[in-house]
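Engineer: Chain residues, written in single-letter form:
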Amino acid sequence: MPIHDQSYRRYQGGKASPGQAWLVIARAGIMNMLRRRAFLGVLIFAWIPFVVRAVQFYLSTNIPQLELLAPKAETFREFLDQQQFFVFVVTIYVGAGLIANDRRANALQIYLSKPLLRAEYIAGKAAVLFAFLMLVTWVPAMLLLLLQVLFAGSFAFLNANLFLFPAITVAALVEVLLVTLTMLALSSLSKSSRYVAVLFAGVIFFTKSIFGVVYAISGDSSLSWLSFSDSLDNVVDVIFRLPPGYETPWQVSLIVILGLMALAVSVLERRVRGVEVVT
Amino acid sequence: METSSVISQREPQAAGAGPVVQLDGVTVVYGRNQALKNVSALFVPGAVGLLGPNGAGKSTMLKALLGFIKPDEGRMSVLGMDVAERPLEIRARIGYMPETDGHIPGMNAVSFVAYCGQLAGLPAVDAMQRAHEVLYYVGLGEARYRNLETYSTGMKQRIKLAQALVHDPDLLFLDEPTNGMDPKGRDEMLELIRDLGHNKNVNLILSSHLLPDVEYTCDSVVVMDKGQVAAQGPIAELKGPAGRVFELRVKGDLPAFIDVLRHAGLECHSTDEDLMRVFVPAVDGGSDQKIIFDLAAQHAVQVRHLRPSVPTLEDVFAKAVGEE
Chain D
1 MPIHDQSYRR YQGGKASPGQ AWLVIARAGI MNMLRRRAFL GVLIFAWIPF VVRAVQFYLS
61 TNIPQLELLA PKAETFREFL DQQQFFVFVV TIYVGAGLIA NDRRANALQI YLSKPLLRAE
121 YIAGKAAVLF AFLMLVTWVP AMLLLLLQVL FAGSFAFLNA NLFLFPAITV AALVEVLLVT
181 LTMLALSSLS KSSRYVAVLF AGVIFFTKSI FGVVYAISGD SSLSWLSFSD SLDNVVDVIF
241 RLPPGYETPW QVSLIVILGL MALAVSVLER RVRGVEVVT
Chain Z
1 METSSVISQR EPQAAGAGPV VQLDGVTVVY GRNQALKNVS ALFVPGAVGL LGPNGAGKST
61 MLKALLGFIK PDEGRMSVLG MDVAERPLEI RARIGYMPET DGHIPGMNAV SFVAYCGQLA
121 GLPAVDAMQR AHEVLYYVGL GEARYRNLET YSTGMKQRIK LAQALVHDPD LLFLDEPTNG
181 MDPKGRDEML ELIRDLGHNK NVNLILSSHL LPDVEYTCDS VVVMDKGQVA AQGPIAELKG
241 PAGRVFELRV KGDLPAFIDV LRHAGLECHS TDEDLMRVFV PAVDGGSDQK IIFDLAAQHA
301 VQVRHLRPSV PTLEDVFAKA VGEE
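Protein chains in written order, with the working numbering: chain D, 1 to 279; chain Z, 1 to 324.
I should point out that these hints are in silico values taken from the structure, not numbers from a laboratory. For every residue, glycine included, the Cβ atom is placed at its ideal position computed from N, Cα and C. One or more of the hints may lead you astray.
Some residues of chain D that are not near chain Z, with every Cβ distance over 10 Å (derived) [to be verified]:
hint, residue
1, Tyr11
2, Leu59
3, Asp102
4, Asn106
5, Ile110
6, Tyr111
7, Ala152
8, Arg194
Computed cross-link-like contacts, DSS-like style, restricted to lysine-lysine with a CA-CA straight-line distance of at most 27 Å [stated by the list, open to error]:
hint, chain 1, residue 1, chain 2, residue 2
9, D, Lys191, Z, Lys70
10, Z, Lys239, Z, Lys37
11, D, Lys191, Z, Lys226
12, Z, Lys70, Z, Lys226
13, Z, Lys290, Z, Lys251
14, Z, Lys70, Z, Lys37
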């Protein structure tokens, strides 16, 4: 063969065993988002409440007159509640196109012709959204807890509220998992990320509006399970050892959340296929 | 890195080795439509064409072999492994070039092909190196940093071939690889496929409804029609013995001359009042038509028209699917 021949060569290096492709998908998805300046702006914006809370913690521990700003266990619940807006924004920005764009570009047949399972593909895509949502919920909440200890110079608050570690973790996990699975399922239903974004916003606001109307008419909050976000709030309240915000038993809200997750997984199982068979 | 220092000298499965793909009584049903009907077929090592008209079941067969579609009945094996039991191991060793356009949105060519390599298990650095190599091989070296969404149809076909090759598969599934290409691009694609199958010794299955594409690139063929295998085997064998068919028109005693031709060992069919098709076996030193002229002269028959035609895969296909 001439030395200049740019011909086909055999690969003689090693190959990873099947089962790690989801990491490749997740890494590529995360890097793709981090390359977007607008998204970096969103992320920075999402950390402003953290900075405000950090200043609040600092002042309350260093200026005795501002002791009324001292954090309580509820403070961390409120922080996660505030972050819901950013969860919504990040979910739409990152999640809407995760599967929809692949469907538009017929990429599923490319993915699934490689040695990876459908579950791995879904896990890789979910990991992208999951990582960014944890970055705006769990990570700042845990850092705030750490900052409180550092600013106060004692473990007294932490010892008195040891449940906050698991509470923050479980609450963030429930919220992020529910939102991630719901968005992925919606994303698998369409080839247009814009349509998916509208659909997700519709699911959130429409269900909340329905409950709002029912509550306005009846004055009864036991139907809060009708609302996606209020069901989540009810369960997160209980996780933080607070009385539920609605009259709906938290077990009902939890069943609604688990049901939504199961529905999302079922939709993904049906929609993520290498070939679309129309009979 | 060993990758760049070793030139492809693969010996995948020698001619005497078993089939690379085997289907045994495979049936695939979409609703009320049977896409594959009890199909049993063998794909030998080398370049094999999967030929048939649109809707014959070619793409369904490839998708079933990839595990995208679960057959209702039958068994399939690829590279000696059962498709139902070891789909991941199979997909690690095959490359698939789909019929429809497909890419990962927002990537340029080299990122896309490297990404596909990583999905197939290649380390990131090796995948990137292979991506550059295969992009040069398929003729996209100069366009490898362009966004895929700006590619022309021909370039999209090439990029699909590149992503199928990046992980160095033992077997390639090429589904209608020349679809939508201009004549020049089509010729170049066929050259690439022929090179892969004959010079690089990559086993490949070329699914196409274009007879010349299969005839140019493949040695064997499986002919599909209406979800069933209509014929299969080496193309040369299916085309019958070497020789030429002549269209012949004569003036004189036609029935008597037909008898003469038959006595001389030539296969002869009368197709019209004075027109016949005569098959003349290959003659060493050429000049096969001289046999006909000599016989005509000996029996005082005038040859008014003699036009040669070589048996083609089209004849095989027409015969297999029962066309005149």
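Engineer: For every hint, state whether the structure bears it out.
Structural biologist: Do the hints match the structure? See the list:
no.: 1; hint: Tyr11; result: 4 Å, violated
no.: 2; hint: Leu59; result: 44 Å, holds
no.: 3; hint: Asp102; result: 7 Å, violated
no.: 4; hint: Asn106; result: 4 Å, violated
no.: 5; hint: Ile110; result: 5 Å, violated
no.: 6; hint: Tyr111; result: 7 Å, violated
no.: 7; hint: Ala152; result: 44 Å, holds
no.: 8; hint: Arg194; result: 14 Å, holds
no.: 9; hint: D:Lys191 to Z:Lys70; result: 25 Å, holds
no.: 10; hint: Z:Lys239 to Z:Lys37; result: 26 Å, holds
no.: 11; hint: D:Lys191 to Z:Lys226; result: 32 Å, violated
no.: 12; hint: Z:Lys70 to Z:Lys226; result: 19 Å, holds
no.: 13; hint: Z:Lys290 to Z:Lys251; result: 17 Å, holds
no.: 14; hint: Z:Lys70 to Z:Lys37; result: 14 Å, holds
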